[in-house]
Each structure stands twice: as structure tokens, then as C-alpha cells.
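J.: Chain by chain, the residues run as shown.
Protein chains: 2
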Amino acid sequence: MKELFGSPGRVSGFMLRTGQCLFAAASVVFMLSAPGFYNSTAFCYLIASMGLLTLWSFGLACLDLHALRSKKNLQNPVLVSLFVVGDWVTSILSLAGACSAAGVVVLYARDFKKDFCRSPPHFACSRFQISVVLAFISWFFLAISSHVMFWLLAAF
Amino acid sequence: MKELFGSPGRVSGFMLRTGQCLFAAASVVFMLSAPGFYNSTAFCYLIASMGLLTLWSFGLACLDLHALRSKKNLQNPVLVSLFVVGDWVTSILSLAGACSAAGVVVLYARDFKKDFCRSPPHFACSRFQISVVLAFISWFFLAISSHVMFWLLAAF
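Listed in order, the protein sequences are those of chains U and L. Residue numbering for the first sequence is 1 to 156, as defined by my numbering. Residue numbering for the second sequence is 157 to 312, as defined by my numbering.
Here chain U is said to cover these stretches of chain L; the calculated rule only asks that three of the stretch's residues, wherever they fall, bring their Cβ under 8 Å from a Cβ of chain U:
| hint | segment |
| --- | --- |
| 1 | 190 to 200 |
| 2 | 244 to 253 |
| 3 | 259 to 267 |
Some residues of chain L that are not near chain U, with every Cβ distance over 10 Å (derived):
| hint | residue |
| --- | --- |
| 4 | 181 |
| 5 | 208 |
| 6 | 223 |
| 7 | 225 |
| 8 | 227 |
| 9 | 231 |
| 10 | 233 |
| 11 | 280 |
Hints in this document: simulated from the structure, not taken from any laboratory. Every residue gets a Cβ at the ideal spot worked out from N, C-alpha and C, and that includes glycine.
With the hints as constraints, model all of the structure from the sequences given.
T.: Now the structure itself:
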């Protein structure tokens, strides 16, 4: 049994999952609270991918907590393979969501000659930006988790 | 010495690198040939990240070719660590570039009520789209390479 930082069934793993879940949920909340987000496909996709990440991380955080309390070992090849596939899929989807939303935010706030944030239609650019930053933080935690999982799987 | 598909110094590795290099270069060419790409930060960033990917893959393709011709073994921990770091950095940057450009293309082509592709300023949306698709194909090949490299490093 490897004792890596962030591996499943350890306190560090549980903290990482909780961090992912909280930041992803906060990102969804900020985006939903910004009026006019539904005008952009990229923002709707960010909400979908961060929603998926919230659910996935919440499930794994519960599993880690259960393993911590009952002192169970979660590190068997089948479980770790499942974690690896899920982590990689959510990781790629959430990075894609964060980046596409970031591209659109930069376009609104900087690229257009007519500033869409300060003049009509008065997009809530600051909320979009906060949501994107939270999504990137959540993705960063997930990237650590998924690399640790892949390393564990390769070392079996 | 592991004999994985796509590992360095093998024909499959060389083919993957060549594919990455060609698709990334084609993506840059299509984007540069589209008038007005410089109005969007996301498109400029796509060109930068695909340019970096072209250089990196070209370098590794040359190294693979040299190893194939001289029957050298490239699989030592130091070299593979270097490949892993380079692959992951370029992989994240290129996925970020492709996704942010895709977000902006979808915004231009579908989200705005006034279609920016068919009415003034007549953006060259089809070229933007082809460039983004080529970038995603190039990233897909790079994702295979980087996972193989990470697997090799973990298995040392």
C-alpha cells in the first residue's frame, strides 16, 4: 500500500476532494447568480462541467470519510482504476469548461471595442471572472488528485 | 525496458510526435490565414500554444528518429522525467488554447443574435473552426503521449 499525498482513504485525499467540491460548487453559484449567463454556450457548459465535478468530488469525499472512520483500505486495483477513469474524464471536462469560459470573459472584458461590461447589455463580468477563477482552483486540486491516482495505478 | 505503444524511441512514438507536430502546425496556419484573428486574445493564445506544441513535438520526433536509426535506448529515468514535464505543460497549455478558442468560435457562430460570420464584420468562422478542430486532434495525440510517458515514469 503506497502512502502518497492525496491517495484515497487518507486525510490529505479527503481534504483535496472537499476542496474540489467546495470550489466547484462556489463556481456554479457565482455563475448562476450572474444575469445573462445563459446567452453564452461556454458559460452554460462551465455550469454543467462544474456541476459534474461537484457531484463526483462529493461522492469521493464521502467514500474517503467512510474509509477514514472505518479504517478501510481503498487501494485495490479495481477501485483505483475506477477513480482514475472518473478523475481524468472530469478533469478534462472541467479544464475545458474553465478555459472556454475564460476565453469568452476575456473577449467581453477586453477584446471588444465596445466594453460589454460597462455599457449595455451590462454583463456581470466580475461574477463571470470570479466563477472562472474558482473553476480553475477546483480543476487544480482535481489535477493533483488525478495524477496521484494514475501514479498509484501505474505502481500496482 | 517497457515496450508500450508510443514510448520514446519506437516507431509508434515517432508517428505520434509527427502527428502532433503536423496537426498543430496546420492549426497555426489556418488561424493565421483567417482575417481578423488578432481581435481575439483567445485566438492569439491558440497560435502561441500550438506554436509551442509544434516546436516541442518536432524536437521529440527528431530525437525518436535519431534513436530509431542508431538503435539507441531513450528510456532512462532522467530523460523520461524531462519528457513527462514537457508533455504535461504543453498538453495543458494546448488544451486550454483549443478550449478557449472553441468558446469564442461558438459565441461568434451561434450565441450572438447578430451572426458575426455572415454579417459584418464577416469573421472567417469556418477557418477558425477548422483551426480549433486541428488543435483538438493535435492535443488528443499529445494526451496519449503524455499518459504513456507518465506510465513509464511511474513504472521505473
